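S.K.: In case you want the letters, here they are:
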Amino acid sequence: MRRKEGVLLPIEVSILDAGLRARRRGAEEFHGFQLAQEIGERDGTRTLTAHGTLYKALGRLETAGLLESRWEDPNIGAAEGRPRRRLYRVTLAGARALAEAGSAAHAPTGAPVGRRVALVGDGAP
Amino acid sequence: MTTIEQFVGAWVRLYTAGLDPVDRDERRAEIASDLWEHTRALEAAGDNRIAAGVAIGARWLLGIPDDLVWRTERRRESRGQGAEPERRSSMAGFGSARVLALPVIVAVAAVVVAVVGVVVGNIQYVEQSERIVSNSVLESLSMVLIVGGFAAIVLGFVLMRRQPGVGAVLVVGGAATASISTYWLIVPLVLAVVVSWYGVRRARRIAGEATTA
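If you read the sequences in order, they're chains A and B.
For the first sequence, the tail end lands on 130 under my numbering, and the numbers increase by one without skipping.
For the second sequence, the tail end lands on 204 under my numbering, and the numbers increase by one without skipping.
No lab work stands behind these hints, which were simulated from the structure alone.
What you are looking at is a predicted structure, and each value in this text was computed from that prediction instead of being measured.
It is possible that part of the hints are untrue.
[To be verified] Output of the computed footprint for chain A on chain B, the stretches with three or more beta carbons under 8 angstroms from beta carbons of chain A:
#, segment
1, 19 to 25
2, 40 to 51
[What the hints assert, rightly or not] Pulled from the structure, derived: some chain B residues nowhere near chain A, Cβ distances all over 12 angstroms:
#, residue
3, Gly37
4, Ala142
5, Val160
All residues carry an ideal CB built from backbone N, CA and C; glycine is no exception.
Only chain A is shown next, with the shape it has when bound in the complex:
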């Protein structure tokens, strides 16, 4: 999707908002499916964000410096009998961008956002 420079898409607002809510509950880092669940719960929808949409948006946010990610130690996943997770966290720039999006962060996922925010890619946690 093409968009103006510095404008957060609704899915990006939802991701940053979900990430910060997870942080407030003590989860500093989160993985993709966890995010999809958070967004689904917030929006009250049973169908979670599509794979392609979610991971494409996560990639955009990371490139813009609003998220950062790392792959968890493969031994942890192996010990629990599951694939390893890619863990994300919202950066300071991401939190700032969401704050500047203001009340739009509380709109449903499909709602237009149209607020301009500064995509400052300082990458700071």
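Here the structure of chain A is known, so what remains is to put chain B in place on it, guided by the hints.
M.R.: Chain B only, in chain A's frame:
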């Protein structure tokens, strides 16, 4: 691993094929993790296999356009960062009229055969059933399949310019889908598979020649 996990995994392997190894492996690993987590969450919630399949299938289906866009972006980016010969190969090969010629013929041939198949198949069906009005194309599910199939063919046609493999798959799938409710199912499918395979081979060969030239 459940059937839907295997199916989505196959789709991920398909659309990440030929990408930069880092992009490819990371996307595959990330989706594998997501599928695993989602399946276990649905099991924990007590959903049966069908409900779980529908939930995961919906996420897969709705994300297909973004998957394809993501692939296009990754390829464009890796070409931009790639070595000069590689870039020359892409520019001189897959973007040229020579390479495009056969995939265009593939798409047109598949569309023509699918149209003939759909029309003939429906006429036969209506004649044999003796229920001409109630078996109208507009009243049946076949209309949805036809429209969806042709949409896939058009998308495949568009993608063939830069991604002959993905484009050919969509053309083949579209031709099969468009004619799935008719007696002509096998004809456009076989034609599309054979000609697409030949077209992709030819496109790659010409691109290879451009690289070595």
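S.K.: Compare the structure with each hint and give your call.
M.R.: Checked hints:
Residue count for the segment 19 to 25 of chain B with a Cβ under 8 angstroms from a Cβ of chain A: 6. That meets the three needed, and the coverage hint holds. With 4 residues bearing a CB less than 8 angstroms from a CB of chain A, the segment 40 to 51 of chain B meets the requirement of three and the coverage assertion stands. Every CB of chain A is more than 12 angstroms from the CB of B:Gly37 (nearest about 14 angstroms), matching its label as outside the interface. Interface exclusion of B:Ala142 from chain A stands, the closest Cβ pair being 17 angstroms apart, more than 12 angstroms.
With a closest Cβ-Cβ approach of about 16 angstroms to chain A, B:Val160 is found to remain outside the 12 angstroms limit, as its non-interface label requires.
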